[in-house]
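Start from the sequences, fold in the hints, and give me the full structure.
What follows is each chain in one-letter form.
2 protein chains.
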Amino acid sequence: MALIVQKYGGTSVGSPERMKNVVRRVAKFKALGHQIVVVVSAMSGETNRLIGLAKEMQAQPDPRELDMVISTGEQVTIGLVSMGLMQEGLKAKSYTGAQVKIITDSAFTKARILSIDEQNIRADLANGYVVVVAGFQGIDSKGNITTLGRGGSDTTGVAIAAALHADECQIYTDVDGVYTTDPRLVPEARRLKTITFEEMLEMASLGSKVLQIRAVEFAGKYRVKLRVLSSFDEEGDGTLITFEENDKMEQAIISGIAFNRDEAKITVRGVPDKPGIAYQILGSISEANIDVDMIIQNVGVDGTTDFSFTVHRNEFDKAMDILKNQVQSHIGARDVVGDNKTAKVSVVGVGMRSHVGIASKMFRTLAEEGINIQMISTSEIKISVVIHEKYLELAVRVLHKAFDLDQEPA
Amino acid sequence: MALIVQKYGGTSVGSPERMKNVVRRVAKFKALGHQIVVVVSAMSGETNRLIGLAKEMQAQPDPRELDMVISTGEQVTIGLVSMGLMQEGLKAKSYTGAQVKIITDSAFTKARILSIDEQNIRADLANGYVVVVAGFQGIDSKGNITTLGRGGSDTTGVAIAAALHADECQIYTDVDGVYTTDPRLVPEARRLKTITFEEMLEMASLGSKVLQIRAVEFAGKYRVKLRVLSSFDEEGDGTLITFEENDKMEQAIISGIAFNRDEAKITVRGVPDKPGIAYQILGSISEANIDVDMIIQNVGVDGTTDFSFTVHRNEFDKAMDILKNQVQSHIGARDVVGDNKTAKVSVVGVGMRSHVGIASKMFRTLAEEGINIQMISTSEIKISVVIHEKYLELAVRVLHKAFDLDQEPA
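Sequences listed follow chains A and B, in order.
When we follow this note's numbering, the leftmost residue of the first sequence carries the number 27, and every step to the right adds one.
When we follow this note's numbering, the leftmost residue of the second sequence carries the number 27, and every step to the right adds one.
The set of hints was computed from the structure by calculation and includes no laboratory data.
Quantities reported herein were computed from a predicted structural model and do not represent experimental measurements.
Mixed in with the good hints, there may be bad ones.
Because identical chains cannot be distinguished in the list, a pair is counted as satisfied if it fits within a single copy or across any two copies.
To be verified - Straight-line alpha carbon distances no greater than 27 Å define the calculated DSSO-like cross-link-like pairs of lysine-lysine that follow:
#1 Lys-56 with Lys-219
#2 Lys-81 with Lys-117
#3 Lys-344 with Lys-136
#4 Lys-136 with Lys-117
#5 Lys-54 with Lys-219
#6 Lys-219 with Lys-251
Set out below in structure tokens:
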């Protein structure tokens, strides 16, 4: 008997019919003697519908009130799924984030989980209940309803699995696992049976939208065994995210090609090359709650340097505005330039640690197609480049082929 | 400066446009220097949409889970209305029933308010906020979300007005006040400028769907000044529900004709005429949470009596089933008969206390139209009769005319 947390996304609970599929799957696991906690998202389309209503009322919806409104999406789903479970003869009980209590900070629309009180859930499980928890939401110390931001339901699932020391956290989604790259772009892409936690982190952060990065980080921190599966496929084992590299050593050097279409790059030029400058530039960006992805600073020339970073394309204008009007003159930079017609492509794999030549192979492959590399950033297990967005698909395809990702590893 | 609680029903907040009307009205009162608490229902149609989803998942939706689902309707509205108020430059803050805290018992789908903690609301009002509270919902002592039953938002409004000792509780609805009878049935029906609390109680309980009876009871208990107004009419003063009869004494004997189309009558025949029988019959009905309206027991003959009562038409089958299968043989009754093709018509007025002949005038008027009276029940300020439902409209029209309700009182 295992304790399993199953998280189902918006498309998996998109209609009463689909919720009944979820119910049948839960019933199957329950019949095997497992204890099950189900974490669900809002029905697909519901969150956007609610945001639409909010924008009709207020041009820039107040974050606290927006969370009040959109958190209802998951609350509806938990009630409906619990009813479905009861209809199948199971005992079921739903909890909102506030009821669990999932305590978060007060950063409305992008709150972070601070603690989870798992007492009630544990008691219900012991009494034979399937416990159904609303993903994506929590409550702050003052009792305000908060949400964790888009994709936050994954984080809820992992956090609850961590709090309960669950045997496995299963993330059901509309894809049947993690692929070597997006199969819509490269039909030859293969599903990975396992991927290491670090690789998954890179794949997730780089735009493989299978799992939210915060969920993967959370899983890593609390060593939650995470499995990505399709809610539409009864048989598949999905992709297991492992913490050991051992069984990977025989496998390919590279696990996959990740990419992100929504990357915009910004360069602050002619920055005085002295301590504290990076903080002065990024501090103001971070205070505006803009997430920064790649950060690059090259060695300076003539006492000045260029400082580049990338942000989500939606936040490009806001970031440019802050830098030009608040930061540039303050730090004595020469210029701020940006480009939101960029994309990021990365090769990811723990295997590259012990292999030289990955970077040169990547750069040569792109050069052979005439693709100019605008920025480069590397870590121990990935190499990322920023290129013009028009080359994105081509770059992913040629890299996937160059690293033999369409072949099963020997 | 007054403290005013304004309650807006589902049609008043049925769309973003209508919510903006509510916002404008609130802003107008705020500009006059008043402190405002707004209590809102779910957008019209929303509760039924959610119940529909629930029934797709479970034939008889679990009450706890149903409350979980339908309470989201008001939660969406409070967020949206608060956003609208902010868009107009006002300070606004929303509260769910749980956040207020509106503590109820645990009778899901028909919970009763036990207490209200008005501290946070009071503090927000003092700080210049318009406070927007979700009607219809609360939380029980274990933290489960409860709802107060259909129309419960009125009760929330009055309960909050009572807790805050508000100067007035304004109930905005789609009619502009309380009428002598339903104007859809009798075009000559007049709006009453005032009505006594007791009359309102009878009018509400008898099916004038303007205000929920529990709200009126609550208002009476805590002496909350209640006013019914139209949310679509900028000018009208609506109908004020008063606690004094003095200014009524010059007015008509009868205030209005109330009626209820959804009445079903049940008679338990040949019941042994001994103590405890009424309890044995109604106890089982009440345990099944079926509300009983009229109850009549005539003097017995030959040691047995007939015991009649009325229930809502929707609960007729359930009540008949309980009586036939659980009660009849147990108490030694001869038979249980019922009829769900009945309706109730009542004349209501505090004036009848000091006037004889109201009953005979009522009965004569009905007799002249050939309408058979099946049951009669009276109180100090009303006389109710049960008739065949096909005569309902006719009965209301002729009684309205017979008591000169189409004329302004002298």
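Verification of the supplied hints:
1. With identical chains, the CA atoms of Lys-56 and Lys-219 are at most 27 Å apart within one copy only, with a shortest distance of 25 Å there and 62 Å across copies.
2. Taking identical chains as interchangeable, the C-alpha atoms of Lys-81 and Lys-117 lie at most 27 Å apart only when they sit on different chains, with a minimum of 18 Å there against 39 Å within one chain.
3. Taking the shortest Cα distances, Lys-344 and Lys-136 sit within 27 Å of each other inside one copy (18 Å), while across copies they are farther apart (49 Å).
4. Proximity of Lys-136 to Lys-117 under the C-alpha cut-off of 27 Å is restricted to the inter-copy arrangement: shortest distance 23 Å between copies versus 33 Å within a copy.
5. Taking the shortest Cα distances, Lys-54 and Lys-219 sit within 27 Å of each other inside one copy (23 Å), while across copies they are farther apart (63 Å).
6. When the C-alpha separation of Lys-219 and Lys-251 is checked against a cutoff of 27 Å, the pair qualifies only within one copy, where the shortest distance is 14 Å, while the shortest distance between copies is 69 Å.
No hint from the list above goes unmet by this structure.
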